[in-house]
Amino acid sequence: MRSPDAVRDEFVDNKAGVTDVRPKVKIRKSGLVLVILSIVLIVVFLWSFTVGRFAVPLPELLTVFFRKIFGLPATWSDTTETVLFNIRIPRIIVALIIGAALSASGAAYQGLFRNPMVSPDILGASAGAGFGAAMAILMSGSALTIQLAAFSCGIIAVMLTYFVSKLIGKANNSVLILVLTGMVVSSLFSAFISLAKYTADPNNKLPEIAYWLMGGLTSITAKNISMMLIPFTIGIIPILLLRYKLNALAFGEEEAQALGVDTKKIRFVYIICATLLTASSVAAGGMIGWVGLVIPHLARMLVGPNLKYMLPASVLLGGAYLLLIDDISRTFFTVEIPLSILTAIIGAPFFIYLLAKGRNSWT
Amino acid sequence: MILEVKAASFGYAKRTVLRNISFKVATGEFLCLLGPNGVGKTTLFKSILGFLDVRAGEVTLDGQNIKKWSKPRLAKAIGYVPQAHTPPFPYTVLDVILMGRMAHLGLFSSPSREDVKIAEESLEKLSISFLKNMTYTEISGGERQMVLIARAITQKPQLLILDEPTSNLDYGNQVRVLLQIRKLSDQGISILMTSHFPNHAFLCCPKVVLLNKNGFEVGTTDDLITESNMKDTYGINVKIAKIDDHGVDIKSCVPLTN
Amino acid sequence: MFKIFTKKAVSTGIAILLCLWMMTLLLTGCSSQATSTTPVTSATPATSVSAGNSSQATTRVITDMAGRKVTIPTKINTVYCAVPTAEAMLYSLAPEKLVAWVNAPSDDQKKYLSDRAKNLPILGGWMGEKSTANLEEIAKLSPDLIIFMTTTGVNNNPEQIADSITNQTKRPVIVMESGFADTAKVYRLMGDILGVQDRAETLASYSEKKMKEISDMVAKIPQDKLLNVYYAEGTSGLSTDPSGSDHTEVLDFVKGKNVADVQAKGGQGMSSVSMEQVLAWNPDVVLVSSNSGGVKAYDSILKDTSWGKVKAVKNSKVYMTPLLPFGWYDRPPNIMRILGIEWLGSALYPNYVKIDLKQETKDFFSLFLGQKLTDEQVIELLKQAV
Numbered sequence: 043m044r045s046p047d048a049v050r051d052e053f054v055d056n057k058a059g060v061t062d063v064r065p066k067v068k069i070r071k072s073g074l075v076l077v078i079l080s081i082v083l084i085v086v087f088l089w090s091f092t093v094g095r096f097a098v099p100l101p102e103l104l105t106v107f108f109r110k111i112f113g114l115p116a117t118w119s120d121t122t123e124t125v126l127f128n129i130r131i132p133r134i135i136v137a138l139i140i141g142a143a144l145s146a147s148g149a150a151y152q153g154l155f156r157n158p159m160v161s162p163d164i165l166g167a168s169a170g171a172g173f174g175a176a177m178a179i180l181m182s183g184s185a186l187t188i189q190l191a192a193f194s195c196g197i198i199a200v201m202l203t204y205f206v207s208k209l210i211g212k213a214n215n216s217v218l219i220l221v222l223t224g225m226v227v228s229s230l231f232s233a234f235i236s237l238a239k240y241t242a243d244p245n246n247k248l249p250e251i252a253y254w255l256m257g258g259l260t261s262i263t264a265k266n267i268s269m270m271l272i273p274f275t276i277g278i279i280p281i282l283l284l285r286y287k288l289n290a291l292a293f294g295e296e297e298a299q300a301l302g303v304d305t306k307k308i309r310f311v312y313i314i315c316a317t318l319l320t321a322s323s324v325a326a327g328g329m330i331g332w333v334g335l336v337i338p339h340l341a342r343m344l345v346g347p348n349l350k351y352m353l354p355a356s357v358l359l360g361g362a363y364l365l366l367i368d369d370i371s372r373t374f375f376t377v378e379i380p381l382s383i384l385t386a387i388i389g390a391p392f393f394i395y396l397l398a399k400g401r402n403s404w405t
Numbered sequence: 014m015i016l017e018v019k020a021a022s023f024g025y026a027k028r029t030v031l032r033n034i035s036f037k038v039a040t041g042e043f044l045c046l047l048g049p050n051g052v053g054k055t056t057l058f059k060s061i062l063g064f065l066d067v068r069a070g071e072v073t074l075d076g077q078n079i080k081k082w083s084k085p086r087l088a089k090a091i092g093y094v095p096q097a098h099t100p101p102f103p104y105t106v107l108d109v110i111l112m113g114r115m116a117h118l119g120l121f122s123s124p125s126r127e128d129v130k131i132a133e134e135s136l137e138k139l140s141i142s143f144l145k146n147m148t149y150t151e152i153s154g155g156e157r158q159m160v161l162i163a164r165a166i167t168q169k170p171q172l173l174i175l176d177e178p179t180s181n182l183d184y185g186n187q188v189r190v191l192l193q194i195r196k197l198s199d200q201g202i203s204i205l206m207t208s209h210f211p212n213h214a215f216l217c218c219p220k221v222v223l224l225n226k227n228g229f230e231v232g233t234t235d236d237l238i239t240e241s242n243m244k245d246t247y248g249i250n251v252k253i254a255k256i257d258d259h260g261v262d263i264k265s266c267v268p269l270t271n
Numbered sequence: 003m004f005k006i007f008t009k010k011a012v013s014t015g016i017a018i019l020l021c022l023w024m025m026t027l028l029l030t031g032c033s034s035q036a037t038s039t040t041p042v043t044s045a046t047p048a049t050s051v052s053a054g055n056s057s058q059a060t061t062r063v064i065t066d067m068a069g070r071k072v073t074i075p076t077k078i079n080t081v082y083c084a085v086p087t088a089e090a091m092l093y094s095l096a097p098e099k100l101v102a103w104v105n106a107p108s109d110d111q112k113k114y115l116s117d118r119a120k121n122l123p124i125l126g127g128w129m130g131e132k133s134t135a136n137l138e139e140i141a142k143l144s145p146d147l148i149i150f151m152t153t154t155g156v157n158n159n160p161e162q163i164a165d166s167i168t169n170q171t172k173r174p175v176i177v178m179e180s181g182f183a184d185t186a187k188v189y190r191l192m193g194d195i196l197g198v199q200d201r202a203e204t205l206a207s208y209s210e211k212k213m214k215e216i217s218d219m220v221a222k223i224p225q226d227k228l229l230n231v232y233y234a235e236g237t238s239g240l241s242t243d244p245s246g247s248d249h250t251e252v253l254d255f256v257k258g259k260n261v262a263d264v265q266a267k268g269g270q271g272m273s274s275v276s277m278e279q280v281l282a283w284n285p286d287v288v289l290v291s292s293n294s295g296g297v298k299a300y301d302s303i304l305k306d307t308s309w310g311k312v313k314a315v316k317n318s319k320v321y322m323t324p325l326l327p328f329g330w331y332d333r334p335p336n337i338m339r340i341l342g343i344e345w346l347g348s349a350l351y352p353n354y355v356k357i358d359l360k361q362e363t364k365d366f367f368s369l370f371l372g373q374k375l376t377d378e379q380v381i382e383l384l385k386q387a388v
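Chains as they are written, first to last, in the numbering used here: chain A, 43 to 405; chain B, 14 to 271; chain C, 3 to 388.
For reference, chain A alone in the conformation it holds in the complex (with noise of 0.2 angstroms):
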């Protein structure tokens, strides 16, 4: 039995002028990177609290808690609660599902398409989205119907895509066959967003449409955290419960099946989960972008490809991430600055900087 050293040197020559170009190897520890993560969840969770408009001094909001949690009776303001409890919380709750929501969605994608260049908007969830919420204002529907247009027509939308592609496809490149039905699609009806904004009057629907449009998280209440939990705890836990499975995806269909995964349920399986989870959030606040393409990336730089660390990696950084836009957007400036203008503006330069370090994190 030769030593694997005498074994290495018969595949890389260091004698003979050959030099060994390796790169250093480093092993990730990627499970200590996630329980870091988890505390860096927590810690701007918790500062989420001590940010707004209306001031509530530090010594107020701990005041506040601690008697909270024991029960004692309030010596706070009627209003600081209200804030507290009725505006902030149930805000700071959504923005953490749905910056963990679009997230997951985008590393699930990235892996089950095979392409880290893909976002959750890929089949056509957000366009079809953003049409729903368009036409229930253009009808004078209440918030709750222009939530619920915007969840059903993500839904027909991906539903749409999935059966095209499904008509018109063959085994061998469904996939192809896909991603070019969601584009389709999602041009489809990012027109008819179109119409729908031209025939608005100018006075306050368009406007209306158009704000809505830009994402924000402005009008929610906690009565949207009960909404959103469903479709957020049916989409992401078998999501994450499947993820070692999706791995087998990168090296293509054939090999996966090879593997013994089931890719045409999986698929199917995926599919439906990171659609719950994008339509959902595109009818919570609005239409998000940068957040379910950009993330997946920093994940993959810091716990590596393998999705067994990657999908959580990217839930609990996507949940930050969007928490911390969310908050300077409701707090730097009086108005309030639409999230997907925050999270291009900071998304995109940062997404640059991704692909120039991270030159690594994909081939």
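Derived by calculation from the structure, the hints in this document are not laboratory data. Note that CB positions come from ideal geometry on N, CA and C, so glycine has one too. Watch out, some of these pointers could steer you wrong.
[Unchecked claim] Okay, derived cross-link-like pairs now, DMTMM-like style, lysine to aspartate or glutamate, Cα gap no bigger than 25 angstroms in a straight line:
| # | chain 1 | residue 1 | chain 2 | residue 2 |
| --- | --- | --- | --- | --- |
| 1 | A | Lys71 | B | Glu133 |
| 2 | B | Lys84 | A | Glu295 |
| 3 | C | Lys319 | C | Asp358 |
| 4 | C | Lys316 | C | Asp248 |
| 5 | C | Lys313 | A | Glu295 |
| 6 | C | Lys319 | A | Glu295 |
| 7 | C | Lys356 | C | Asp254 |
| 8 | A | Lys212 | B | Asp176 |
| 9 | A | Lys350 | B | Asp176 |
| 10 | C | Lys374 | C | Asp110 |
| 11 | A | Lys71 | B | Asp176 |
| 12 | C | Lys187 | C | Glu138 |
[To be verified] Rough simulated footprint, nothing fancy, chain B against chain A, three-plus residues with beta-carbon under 8 angstroms:
| # | region |
| --- | --- |
| 13 | 125–131 |
| 14 | 297–311 |
| 15 | 344–356 |
Put chains B and C on the given structure of chain A with help from the hints.
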């Protein structure tokens, strides 16, 4: 475990590539598939692995039609070594090899310590332990091929199907890999391999399926690799030479220049 | 390949091209002739036929309120407003000259309009972010004059839009100032242009009188009695416009302190704010924009728990801006703001602005809009506004 191909035809929706093929790979047998480019070796493989439907006849494993085998069960029995290509994400070599355990894992599980041990054993067996923590996308093509073989044996299969496993390998590594595969065959794993080089068959493989314009033939390497068969299959003139190595006859196929 | 250029092919090709060219010439020739003569659809006798009568000029040059020199007909019979802002002014001054609306009047609005006005065609217009003008319809109706009423302040370039409207419609376009302070001036200028000077003088002096009355009354309010007001727009009431915007001139005039210290946005305005921000401002009074949020916003503000913590809501000081038949507050900012300052002044500071709002409303509607209101109608108009 016995793989049997019974009068099967293979092909795609629009055309049939191979007709009426029959052969058997018994437990521990090592079968080499030889044939020119385009004759249908890859089509044959894809059909056996279940990627393509068998167009006529049937393919059975242990007597049962493979159509009735579930994908996970099939993956536990058959290990597939494709030609190495580049995946889009930079998995470590250990990650890649561990994926071989997927068929044995529950739906929601990821590899346990046991699985990691099995993967490390595969690395040992192929003498590539030093690659363990390197990035799969940064090692050479030949090294990637070795990793894929390691992944396949991590599946602990009873049958290994290898699609030209020596492409991208240098001469020395070709020989080493083939001898390694031979060792696996001696340990009881059935092997089905394609190759472009008859000498590979002489080196390690006692049984051969020859596919050419005349149809197909199954037989021992000695019987089937003849000068006329090589002419029919590859269209070139060769001479089959016998070399005496310490009393053992080693055959070799030498191309002639005229 | 060069085989296709046979003699026969080439000559046929040239013949076809010549035919096409001649047809195009004919068509454009006809149309350019048409625009330079009075269209047959004009309802009045020929105003621009210059044959004979050379002693009486048919056009004159005026300077509009953006400093543009515009050639307009001396006798104007049909007027179209490019932006809804001018419609109320024109309807009050010379309703029979109004030839079309920009947007279709709602059923509620029609209750306060004349029969003729109810049935005028809808042409669309230049609505800031969106142009909905139907150019062909405008060309068909061919109004004698087009009014483009907007703010002509330092940062605006109404000339560009006015010139582009002129180019697109080939009708004379004049720019009028929409600022509240110029209301009387606009009336007098328009009275001269349209030849209805007496009527214009009546409306102008009434406007000046009322503006002076209210202005004097609110001047007497001591600093500490001035109220903080939040103008709630949008369906959730979380959009607003700050002081100085042309949307909030009425509020500024009656000395309401606009809490919103946001950047004024041009065009449709509406800067978005958070509920927390509103709670931080804690205004004394909330004005709900009837045109933007409407009854929905009004109801939700009154019912919502978070809004309930705002001082204004606690004290039931939430008012909806009246909007019939044209907005009394804004959207668009128009001459009904004369009534608007009376309404808002008395709503905010009843102890200082002592007027009989019901009677004032009846007087205004009678004089400006030719409508005799019943008591029930007045109550209806002021619903949720006081």
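Hint check:
{"no.": "1", "hint": "Lys71/A / Glu133/B", "verdict": "holds, 18 angstroms"}
{"no.": "2", "hint": "Lys84/B / Glu295/A", "verdict": "holds, 13 angstroms"}
{"no.": "3", "hint": "Lys319/C / Asp358/C", "verdict": "holds, 20 angstroms"}
{"no.": "4", "hint": "Lys316/C / Asp248/C", "verdict": "violated, 29 angstroms"}
{"no.": "5", "hint": "Lys313/C / Glu295/A", "verdict": "violated, 63 angstroms"}
{"no.": "6", "hint": "Lys319/C / Glu295/A", "verdict": "violated, 66 angstroms"}
{"no.": "7", "hint": "Lys356/C / Asp254/C", "verdict": "holds, 19 angstroms"}
{"no.": "8", "hint": "Lys212/A / Asp176/B", "verdict": "holds, 24 angstroms"}
{"no.": "9", "hint": "Lys350/A / Asp176/B", "verdict": "violated, 29 angstroms"}
{"no.": "10", "hint": "Lys374/C / Asp110/C", "verdict": "holds, 16 angstroms"}
{"no.": "11", "hint": "Lys71/A / Asp176/B", "verdict": "violated, 35 angstroms"}
{"no.": "12", "hint": "Lys187/C / Glu138/C", "verdict": "violated, 33 angstroms"}
{"no.": "13", "hint": "125–131", "verdict": "violated (count 0)"}
{"no.": "14", "hint": "297–311", "verdict": "holds (count 7)"}
{"no.": "15", "hint": "344–356", "verdict": "holds (count 4)"}
Hints 4, 5, 6, 9, 11, 12 and 13 from the earlier list are contradicted by this structure; the remaining hints agree with it.
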